[in-house]
Structures are given as structure tokens and as C-alpha cells.
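Peer 1: Sequence:
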Amino acid sequence: SLTFYAINFPLMILAWYQIGHKFTIFTFITVSMSSLFIQLVPVVTLTEDPIINALFGGVVMGLGIGFALRNNISSGGTDIVSLTIRKKTGKNVGSISFLVNGTIMLIAGLTFGWKYALYS
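Heads up: the sequence shown is residues 27 to 146, going by the working numbering.
It is possible that part of the hints are untrue.
To be verified - No farther apart than 30 Å at their CA atoms in a straight line, the calculated lysine-lysine pairs in the DSS-like style are these:
1. Lys48 - Lys117
2. Lys114 - Lys48
3. Lys48 - Lys113
Calculated directly from the structure, the hints in this document are not laboratory data.
Please construct the entire structure, taking both the sequences and the accompanying hints into account.
Peer 2: If you want it as C-alpha cells, here you go:
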């Protein structure tokens with residue numbers, strides 16, 4: 027949970043200056059609550075199948091991030107990067123997010139192997 031918070035801290039500084047103060051405050055609250063719940067909520071394994079886990083996790087995360095962005099808040103991370111790029115270019119945030127996450131997956135695949143990168 028501390029790593030999650032530490033990674034998001036510099037991105038929140040970027041958001042403060044590039045996206046807006048209200049957005050950053052709500053994102054800070056979201057990141058803080060996520061860090062707290064990551065620490066407090068025990069891990070429950072519903073299935074050992076990595077494909078089901080990846081698909082279910084992707085759907086839940088995608089819906090959550092989409093809902094948050096529609097309400098002008100963020101879960102931090104690549105959302106902030108994508109919104110900053112959108113503000114500068116005017117491009118669609120979904121397309122930018124796809125490219126940002128695709129770049130991260132490409133780097134992860136080259137670094138850790140494609141099996142692990144594609145499951146993420």
C-alpha cells in the first residue's frame with residue numbers, strides 16, 4: 027500500500043499543476059483510501075485460474091476507472107498521465123490511456139516475459 031501511494035505522489039503533483047486542484051484533491055482522497063484498503067482488506071482467492079482472474083480484474087478496474095473519470099476524479103497512476111496528455115493534445119482520453127497502458131505492457135513484456143505482461 028505504501029508503494030501504491032509513493033508511485034502516485036509525484037503524479038498527484040503533476041495533476042495539481044496540469045489538471046486542476048479539485049481533481050487532485052479528490053484523486054488524493056481516492057489514492058489514500060485505496061492505499062488504506064489495500065493494507066486492511068485481506069486477500070481472498072476465489073479461483074486459481076489466472077485467465078479468469080485477469081478478465082474479471084480487467085472488467086472491474088475498467089468499469090471503476092471509467093466511472094471515476096466520468097465524475098472528474100481518478101484512481102491515480104496512468105489516468106493522470108493520460109489526462110495530462112489529453113489536456114495538451116485534445117485527443118480522446120480512452121485512446122491515450124490505451125496507448126499509455128500498451129506502452130507499459132510492451133516494456134513489461136520485454137522485461138519480465140510476455141506471459142506475465144499479458145496477464146496483467
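Peer 1: Now, for every hint given, state plainly whether the structure supports it.
Peer 2: Hint check:
1. Lys48 - Lys117: Cα-Cα ~22 Å, so holds.
2. Lys114 - Lys48: Holds. Lys114 to Lys48 sits at ~19 Å (cutoff 30 Å).
3. Lys48 - Lys113: Roughly 16 Å separates the two Cα atoms, so the pair holds.
In this structure, every one of the numbered hints holds.
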